[in-house]
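One line per chain: the protein sequences are R and P, in this order. Per my numbering, the first sequence runs over residues 1 to 444. Per my numbering, the second sequence runs over residues 1 to 512.
Derived from the structure by calculation, the hints contain no laboratory data. Since the structure is predicted, the reported quantities are computational estimates derived from the model, not experimental observations. Positions of the beta carbon are idealized from the N, C-alpha and C atoms, including for glycine. Accuracy of the hints is not assured; some may be wrong.
Taking beta-carbon pairs under 10 Å as the criterion, some of the chain P residues facing chain R (in silico) [claimed, not checked]:
no.: 1; residue: E71
no.: 2; residue: A111
no.: 3; residue: V114
no.: 4; residue: A147
no.: 5; residue: G288
no.: 6; residue: Q322
no.: 7; residue: P323
no.: 8; residue: N409
no.: 9; residue: N440
no.: 10; residue: G441
no.: 11; residue: L443
no.: 12; residue: G444
no.: 13; residue: G454
Quick list of in silico lysine-lysine cross-link-like pairs, DSSO-like style, CA-CA up to 27 Å [stated by the list, open to error]:
no.: 14; chain 1: R; residue 1: K440; chain 2: P; residue 2: K300
no.: 15; chain 1: P; residue 1: K253; chain 2: P; residue 2: K300
no.: 16; chain 1: R; residue 1: K440; chain 2: R; residue 2: K407
no.: 17; chain 1: P; residue 1: K115; chain 2: P; residue 2: K62
no.: 18; chain 1: P; residue 1: K392; chain 2: P; residue 2: K300
no.: 19; chain 1: P; residue 1: K62; chain 2: R; residue 2: K320
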Amino acid sequence: MFLSSDDAKSIADKVLARSKADACTVQIHGGLDQSLRFARAGATTNLATAEANLRISSHIGGRIGSCSTSRFDDKAVAAAVARSEEIARLLPVDPDYVAPLGPQNYGFSDRYDDATAHLRLDALADAAARVIEEGARVGVDTFGCATTARRFNAYATSAGLFAYERRSEIDLSATARNRADAWSGWAGAHQFFADRLDAERIARVACAKGAHNATPVDLEPGAYTVVLEPEATTELAFWLIRTMEARAADEGRSFFARSGGGARLGEKVFDEQLTIRVDPADPLAPEAAFGFEGVPHRARAFVENGVVTTLYRSRAWAQKTESEPIPFAQNFVMSGGDVSLDDMVRSVRRGVLVTRLWYTNIVDRQSLLLTGLTRDGNFLIENGRIVAPMRNMRFNQRLGELFSNIKALGPTRRTWRAAGEGGAPAAPAMLVEGFNFSSKSSGI
Amino acid sequence: MAPAAPPSTIETSCPRGRSAFALDRALLYDLADIALTGARQNGASYADVRIGETRREYAFAKDDRLESFDERASQGFGVRVLLDGCWGFYGARRLDPQSLRDGVERALENARAVKRIQTQPIALERLPVHEAEWIMPMGVDPFEVPAGEKADLLLSIIASARDHGADFCSASLSATCEERFFANSLGSRIHQTRTRVAPNFQATAIDRASGRFATRDCLAPARGAGWDYIVGAGLIEEAARAGEEARAKLGAKPVTPGDYDVVIDPTNLWLTIHETVGHSTELDRVLGWEANFAGTSFVKPHMLNELRFGSELMTIVADRAQPGALATIGFDDDGAPAEAADFAIVEKGVFRNFQMALGQAHLIGLSHSNGCAYADSPTTFPIQRMPNISLKPNPQKCSFSDLISTVENGIYVVGAGSWSIDQQRDNFQFGGQLFYEIKNGKLGDLLRDGAYQGRTTQFWNSLSGLCDASAYHLDGTFTCGKAEPVQLAPVSHGSPPALFRNVRVLNTSDDA
């Protein structure tokens with residue numbers, strides 16, 4: 001269920017009018033998601049789902065109780081308000097209680113397009129058909145998913161704040177496997193505006209990557225020079241961003257904790273070339289106007305020329321440490337360079353071109369050791385040329401070392417993420433040395 | 001639409017009877033009839049509808065603070081139609097007649113939209129018709145327990161960990177209750193409810209001098225159970241052990257990397273079973289339906305009854321009936337009874353059965369699916385998901401001390417840590433919470449920074465020892481992710497401690 005700003009405000013006002021608590025916050029979010037999956041040139045599952053949720057948090061005597069409901073009728077809303085108050089009264093007092101935010105100034109995040117918001121499933125079938133047709137032309141089996149979403153998010157408080165934003169989304173991702181089921185390629189894209197989604201290009205790239213019939217070569221585990229395509233770079237950078245939390249650093253349980261106490265803010269931790277920014281006004285990867293607690297997203301760098309400049313921080317921790325609250329960011333931009341992917345490959349004597357990564361997970365938070373595997377298009381590079389498809393490998397790689405050892409960056413481009421997940425980051429292709437492949441995988 | 005076939009007997013399994021259901025029964029029947037009649041009148045050859053309510057509660061505390069206490073309830077429906085060999089689906093968070101009528105129209109529209117890419121029409125086997133109720137047996141309903149009692153428990157868990165060596169601790173309690181009504185155009189009408197709970201915490205100890213830190217996570221598993229399970233789980237004592245062990249890990253010897261005989265505790269092995277056996281034997285993956293996201297599988301249809309998956313000791317069974325397990329239920333989301341999901345996946349090391357949902361069996365020449373469908377909400381499309389999948393204990397008597405007595409130089413792994421596996425479910429790497437030396441048949445010192453790596457069939461063929469049923473333990477998760485958009489499924493995996501020979505062990509601090 002997609003609500004306009006006026007409709008969301010009307011519901012929020014109704015809740016706030018009913019509230020008997022000292023203070024109250026109201027979050028309303030929802031929308032319509034549609035998706036279509038296909039495999040071996042046939043549709044497998046599809047859906048359209050309309051959802052909306054109302055969450056009420058009642059503040060009573062420094063305690064907060066929350067109750068959510070999917071029903072918006074008067075009776076259900078009244079019951080949810082009463083229940084949130086009942087819960088609050090039963091809880092212990094919060095020693096770090098934070099009162100609701102008052103009015104804020106938000107930037108504008110340009111992420112909504114009416115035409116995209118009103119696409120139906122036939123538009124997704126069109127996108128899928130492009131991939132299927134290209135697969136038939138090239139002679140590979142195709143698999144994929146196309147999704148659209150229109151979502152809204154509203155946040156209101158008894159202290160006078162009302163925030164609302166909406167976004168439209170479309171994504172297409174495609175996997176192509178050769179007819180022997182022994183090699184795989186992938187491509188994907190996510191956009192807030194449907195006219196920016198190039199389904200032909202996704203079909204072409206995925207099928208070209210999947211159209212290799214030579215037996216993939218095996219590489220022995222070890223440290224290699226690696227060219228990471230933007231999808232792979234994004235995944236690595238996302239893990240970095242996820243761990244950049246101020247509280248964990250302040251408390252000494254993070255890679256970003258300084259030995260002897262405090263956080264590594266202001267410290268040069270990474271390569272000079274690493275800059276990661278968040279900006280609601282960024283044209284490539286605009287972040288939402290506000291975060292989970294209603295705190296505005298501002299244009300800011302988390303890492304600038306290798307220096308840690310920002311760690312995200314909840315309102316409670318910010319109050320306790322007398323510092324600024326900074327919301328967690330889903331849409332970030334990793335700055336790029338001017339080296340093309342082809343030039344990166346040409347510069348490698350022996351190494352690997354990696355399309356994307358799979359099942360990444362932090363193994364050790366202290367050193368930011370990350371494990372995972374390559375997937376859907378691993379190629380051996382020798383003497384500046386791609387010479388063969390290569391079997392996938394597991395890696396165990398410390399992110400601090402990886403981002404301190406950047407040899408070249410390509411132009412930044414928007415990457416894929418499934419529609420409905422809040423957007424997508426932008427990152428460049430990246431050339432790094434000493435990437436640690438720890439074992440072979442037969443998984444293709 | 002009236003049922004097309006006579007119902008089977010009504011099943012009940014709980015003294016709470018119909019009071020366990022919150023939704024009005026007459027309304028459910030009326031809404032289902034609107035959907036199924038609308039689908040039939042518009043030419044659908046098959047239709048089903050899921051209507052239900054999900055209640056969730058989540059409380060989270062960190063150190064001396066209860067950070068959040070959330071209770072949520074959502075109602076909704078999903079209608080699935082098969083029109084001209086194409087699926088169409090629509091779901092919404094509403095329960096009124098007009099929404100169901102609109103939902104059928106949108107589902108039919110979606111089926112027509114995919115017609116242009118549906119080269120092979122969807123074909124379904126005929127399911128038996130059931131009219132039934134199923135209610136999960138449960139002690140104390142967690143939603144009836146006052147919020148303050150839960151908050152007190154969380155803060156007590158944290159205090160216990162911090163009193164015993166942890167510098168920090170966070171803790172959470174989750175509870176979910178699903179009520180589902182399923183009806184299909186064949187005449188089935190099935191009303192079910194179940195509840196699950198999950199305690200969790202993480203204790204962290206810090207060595208200020210070196211700047212090093214270590215964590216130890218809760219070893220008490222999620223269960224299909226009520227509050228009585230939480231109360232009986234010994235969480236305060238478990239938190240005390242966690243505090244001590246997090247502190248001890250800071251001073252533990254680092255693991256020396258190499259190949260070891262590894263004894264894996266059920267608190268760790270459940271996740272290995274899940275990733276290597278559970279996911280690799282899902283037929284939708286094998287058919288390529290998850291190739292774009294969750295992945296495919298190294299297991300192929302021609303390997304049925306042929307593949308030597310593991311050693312003779314390896315028998316892995318699927319079920320939906322195990323008391324306390326997270327995927328236990330009377331009927332799956334295709335309306336197939338729990339009995340259909342009672343089968344061996346691997347029997348004495350030989351691969352015997354795939355997991356299948358409606359419409360998949362005929363694609364590999366079989367006649368029927370085996371009760372492995374789940375939709376994580378009434379508003380989502382049901383897909384193939386795991387029932388409970390467990391490693392059978394050794395039928396011969398074997399205690400834990402018997403098991404480790406056969407190990408000269410090994411490592412004992414307890415608790416799940418970091419996990420990762422390739423998309424065809426072959427190359428895996430799993431961490432753990434605790435690693436101990438085994439020397440000359442006896443448990444030795446605590447070790448730190450361990451993880452083990454392997455290849456699925458090589459690993460299971462190295463299974464060479466297994467405890468008996470007295471050491472069996474059931475573990476599991478609320479949140480197994482699969483499909484696009486991602487759906488989260490609850491599932492349990494049981495096993496006894498097991499011995500695997502020559503497993504590669506890493507040191508994650510300096511070997512990796």
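Cross-check of the supplied hints:
| no. | hint | result |
| --- | --- | --- |
| 1 | E71 | holds (5 Å) |
| 2 | A111 | holds (8 Å) |
| 3 | V114 | holds (4 Å) |
| 4 | A147 | holds (4 Å) |
| 5 | G288 | holds (5 Å) |
| 6 | Q322 | violated (28 Å) |
| 7 | P323 | violated (31 Å) |
| 8 | N409 | violated (22 Å) |
| 9 | N440 | violated (30 Å) |
| 10 | G441 | violated (30 Å) |
| 11 | L443 | violated (24 Å) |
| 12 | G444 | violated (23 Å) |
| 13 | G454 | holds (9 Å) |
| 14 | K440/R / K300/P | holds (21 Å) |
| 15 | K253/P / K300/P | violated (43 Å) |
| 16 | K440/R / K407/R | holds (25 Å) |
| 17 | K115/P / K62/P | violated (52 Å) |
| 18 | K392/P / K300/P | holds (24 Å) |
| 19 | K62/P / K320/R | holds (14 Å) |
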